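2 protein chains.
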Amino acid sequence: MKLATLKDRTRDGQLVVVSRDLTRCVSARPIAATLQAALDDWAHVGPRLADLAHDLELGALPSQRFHEHDALSPLPRAYQWADGSAYVNHVALVRRARGAEMPESFWTDPLVYQGGSDTFIGPRDPVRLGSEDWGIDLEAEVAVVTDDVPQGATREQAAAAIRLVMLVNDVSLRNLIPAELAKGFGFFQSKPSSAFSPAAVTPDELGPAWDGGKVRLPLLVSLNGKPFGRADAGVDMTFDFPALIAHAAKTRALGAGSIIGSGTVSNRDADGGPGKPITEGGVGYSCLAELRTVETIRDGQPKTPFLRYGDTVRIEMKDAKGHSIFGAIEQTVSPLVDPAEGEA
Amino acid sequence: MKLATLKDRTRDGQLVVVSRDLTRCVSARPIAATLQAALDDWAHVGPRLADLAHDLELGALPSQRFHEHDALSPLPRAYQWADGSAYVNHVALVRRARGAEMPESFWTDPLVYQGGSDTFIGPRDPVRLGSEDWGIDLEAEVAVVTDDVPQGATREQAAAAIRLVMLVNDVSLRNLIPAELAKGFGFFQSKPSSAFSPAAVTPDELGPAWDGGKVRLPLLVSLNGKPFGRADAGVDMTFDFPALIAHAAKTRALGAGSIIGSGTVSNRDADGGPGKPITEGGVGYSCLAELRTVETIRDGQPKTPFLRYGDTVRIEMKDAKGHSIFGAIEQTVSPLVDPAEGEA
Chain A
9 MKLATLKDRT
19 RDGQLVVVSR
29 DLTRCVSARP
39 IAATLQAALD
49 DWAHVGPRLA
59 DLAHDLELGA
69 LPSQRFHEHD
79 ALSPLPRAYQ
89 WADGSAYVNH
99 VALVRRARGA
109 EMPESFWTDP
119 LVYQGGSDTF
129 IGPRDPVRLG
139 SEDWGIDLEA
149 EVAVVTDDVP
159 QGATREQAAA
169 AIRLVMLVND
179 VSLRNLIPAE
189 LAKGFGFFQS
199 KPSSAFSPAA
209 VTPDELGPAW
219 DGGKVRLPLL
229 VSLNGKPFGR
239 ADAGVDMTFD
249 FPALIAHAAK
259 TRALGAGSII
269 GSGTVSNRDA
279 DGGPGKPITE
289 GGVGYSCLAE
299 LRTVETIRDG
309 QPKTPFLRYG
319 DTVRIEMKDA
329 KGHSIFGAIE
339 QTVSPLVDPA
349 EGEA
Chain B
9 MKLATLKDRT
19 RDGQLVVVSR
29 DLTRCVSARP
39 IAATLQAALD
49 DWAHVGPRLA
59 DLAHDLELGA
69 LPSQRFHEHD
79 ALSPLPRAYQ
89 WADGSAYVNH
99 VALVRRARGA
109 EMPESFWTDP
119 LVYQGGSDTF
129 IGPRDPVRLG
139 SEDWGIDLEA
149 EVAVVTDDVP
159 QGATREQAAA
169 AIRLVMLVND
179 VSLRNLIPAE
189 LAKGFGFFQS
199 KPSSAFSPAA
209 VTPDELGPAW
219 DGGKVRLPLL
229 VSLNGKPFGR
239 ADAGVDMTFD
249 FPALIAHAAK
259 TRALGAGSII
269 GSGTVSNRDA
279 DGGPGKPITE
289 GGVGYSCLAE
299 LRTVETIRDG
309 QPKTPFLRYG
319 DTVRIEMKDA
329 KGHSIFGAIE
339 QTVSPLVDPA
349 EGEA
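Protein sequence lines correspond, in order, to chains A and B.
Sequential numbering from 9 applies to the first sequence in our numbering.
Sequential numbering from 9 applies to the second sequence in our numbering.
Since the hints were derived computationally from the structure, they do not count as laboratory data.
Keep in mind it's a predicted model, so treat the numbers as computed, not measured.
Any given hint could be a false lead.
Copies of the same chain are indistinguishable here, so a pair counts whether it falls within one copy or spans any two.
[To be verified] Pairs of lysine to any residue, SDA-like flavour, derived with a Cα cap of 20 Å:
(1) LYS15 - GLU140
(2) LYS15 - ASP63
(3) LYS284 - PRO216
(4) LYS15 - ASP49
(5) LYS258 - LEU189
(6) LYS15 - ALA45
(7) LYS191 - ARG106
(8) LYS329 - PRO226
(9) LYS191 - TRP115
(10) LYS191 - MET110
(11) LYS191 - ASP279
(12) LYS258 - PRO343
(13) LYS284 - PRO211
(14) LYS191 - ALA108
(15) LYS311 - ASN183
(16) LYS311 - GLY138
(17) LYS311 - ALA251
(18) LYS234 - ASP48
(19) LYS15 - ARG171
(20) LYS284 - VAL243
(21) LYS258 - THR116
(22) LYS234 - GLY330
(23) LYS311 - GLU65
(24) LYS311 - ASP20
(25) LYS311 - PRO158
(26) LYS284 - PRO186
(27) LYS258 - GLU140
(28) LYS329 - GLY107
(29) LYS15 - ALA261
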């Protein structure tokens, strides 16, 4: 089952069930008006939405055309957004470029930061930011949405609580990170609003690409229309989603609709070293910081700039037959405008 | 106007308007079913709730008894919980006890961490935690709830967006903090679910104690029935709420219903040094860590233990006439039980 949230001038949008090929959709309003409402009562609502999806696939009910640019993030706002850094290769690389040691424990103890979740951006809406000097970067990731997770959940409980899978652009402001982390309280201004893929899908939609803990498919990233990354989300993921969820739930319950991110997807090169650019036959990168890190290791300094106004990022994932699974996040970095003027 | 959220077996509870003396309440359902719904459309809903509050105060409509233990946190779950550390005296003290330097910039650049907001605890419900070894501490604070705040908001816009004021117990797990902060991504497991006062009140309810940016009244904290703190929330607050909100909104919009916390309220002693315990004529403390810090500075090591199962914390604020403004947070630290068994 694939779900999306259409813009309807409300804060939470309107829940729709989307066809497998992402061309048609049908309102879920008689069952649940919003995705959060569905997640709040998934045991009852989930099966009814699945029936609707079945009928939609059969063409057994009236449907409308689904346009990805009409979608908000599946949860336009959420109560919990916890983002991991599960591809430890990425962390090791970034530290190496800085000349900093990475503690051995990073390979055994998951790194998760608490994100802000009140104002997510739509998958085709501009990323509006007040300054290009902040070092604007994308971070292409996979995320899951959970049901309620009790405090102290086991890995098995965590795995059983995964309801939906989606893609993320975790926008990051690299030039604000060092000063913010030096203060010791983690990210805040350096992690502005994130965006999620048009569709959130149940794990069964991934078929054999879902192994119960991660998605074994390349995450396709392009910048201004050129391929930039195709790292496999199933490779080098040191902590899978059940591990990240259990970590997040160690001292607190997680509410239904919690979003747990993988962190920037990153693969080692075949020779064990840092990944190579796609133009050199590698799988490329899921954020500019990693490419800049590789450039720093190679040449002593980064060459590729961060994003500027007008730059466009696209993030997508395709199944074995080449069909888009979640639809595409495609966003242009734009200056901040008066919110009234900027409204679509 | 005073607002509260009654337990009704739903996730968001039922919004009620509460009388000024906290003895009576009336359902706000015909106007807004939940506090989040009210905040989502405050321009229209706020005045109608104020009319209801006026009629309740006059005894002009049927009302029911208000019991603080029937209340959830005013927002039982929220989309944004950003907690400052505005009483820089507190930060300076804690660092001093660790022998660490505090950067000068801490006096001019606000410290804010991103909290988790999906599962707040009720103000009279137990604080259930899986281990006493985590170093369980309270943090008594003041918080405000905002309307929508645009990215890049000025101090004036931030001040104008403050809708409600309430108290917080920002439960903290001190023994988990050092390892978590050393990882560089800020708090996560060390900041489990927080609790808020039974009532959230509009700033006008505070009369002259609200100066547009902070609450000029002592925050009363007791431990197991004994007075522990009465630091004045209007004293030594280096960054007031408009400053904290503008900081939080620098690179992102804040959604309606965002909660912004002050951080642990802390006053210097009259001689400029660390505050003294109440038993020694001082104003005491709003968390155990600060007392332990003072003990460490004085005696080389802390004497007072962190909270144990069975310990009870009470946090309250009274007006000039001695009436409770927000009702009391009163919570007993308790072992984790199966969520099904633990349900009230």
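Here is what the structure says about each hint:
no.: 1; hint: LYS15 - GLU140; result: neither (28 Å within a copy, 47 Å between copies)
no.: 2; hint: LYS15 - ASP63; result: neither (23 Å within a copy, 38 Å between copies)
no.: 3; hint: LYS284 - PRO216; result: neither (28 Å within a copy, 63 Å between copies)
no.: 4; hint: LYS15 - ASP49; result: between (22 Å within a copy, 18 Å between copies)
no.: 5; hint: LYS258 - LEU189; result: between (23 Å within a copy, 16 Å between copies)
no.: 6; hint: LYS15 - ALA45; result: both (16 Å within a copy, 18 Å between copies)
no.: 7; hint: LYS191 - ARG106; result: both (18 Å within a copy, 15 Å between copies)
no.: 8; hint: LYS329 - PRO226; result: within (13 Å within a copy, 66 Å between copies)
no.: 9; hint: LYS191 - TRP115; result: between (24 Å within a copy, 12 Å between copies)
no.: 10; hint: LYS191 - MET110; result: both (19 Å within a copy, 9 Å between copies)
no.: 11; hint: LYS191 - ASP279; result: neither (37 Å within a copy, 28 Å between copies)
no.: 12; hint: LYS258 - PRO343; result: between (40 Å within a copy, 14 Å between copies)
no.: 13; hint: LYS284 - PRO211; result: neither (30 Å within a copy, 57 Å between copies)
no.: 14; hint: LYS191 - ALA108; result: both (17 Å within a copy, 12 Å between copies)
no.: 15; hint: LYS311 - ASN183; result: within (15 Å within a copy, 42 Å between copies)
no.: 16; hint: LYS311 - GLY138; result: neither (24 Å within a copy, 49 Å between copies)
no.: 17; hint: LYS311 - ALA251; result: neither (36 Å within a copy, 37 Å between copies)
no.: 18; hint: LYS234 - ASP48; result: neither (40 Å within a copy, 40 Å between copies)
no.: 19; hint: LYS15 - ARG171; result: neither (22 Å within a copy, 27 Å between copies)
no.: 20; hint: LYS284 - VAL243; result: within (15 Å within a copy, 56 Å between copies)
no.: 21; hint: LYS258 - THR116; result: within (15 Å within a copy, 35 Å between copies)
no.: 22; hint: LYS234 - GLY330; result: within (18 Å within a copy, 67 Å between copies)
no.: 23; hint: LYS311 - GLU65; result: neither (48 Å within a copy, 67 Å between copies)
no.: 24; hint: LYS311 - ASP20; result: neither (41 Å within a copy, 50 Å between copies)
no.: 25; hint: LYS311 - PRO158; result: neither (46 Å within a copy, 34 Å between copies)
no.: 26; hint: LYS284 - PRO186; result: neither (26 Å within a copy, 36 Å between copies)
no.: 27; hint: LYS258 - GLU140; result: between (38 Å within a copy, 14 Å between copies)
no.: 28; hint: LYS329 - GLY107; result: neither (42 Å within a copy, 60 Å between copies)
no.: 29; hint: LYS15 - ALA261; result: between (31 Å within a copy, 18 Å between copies)
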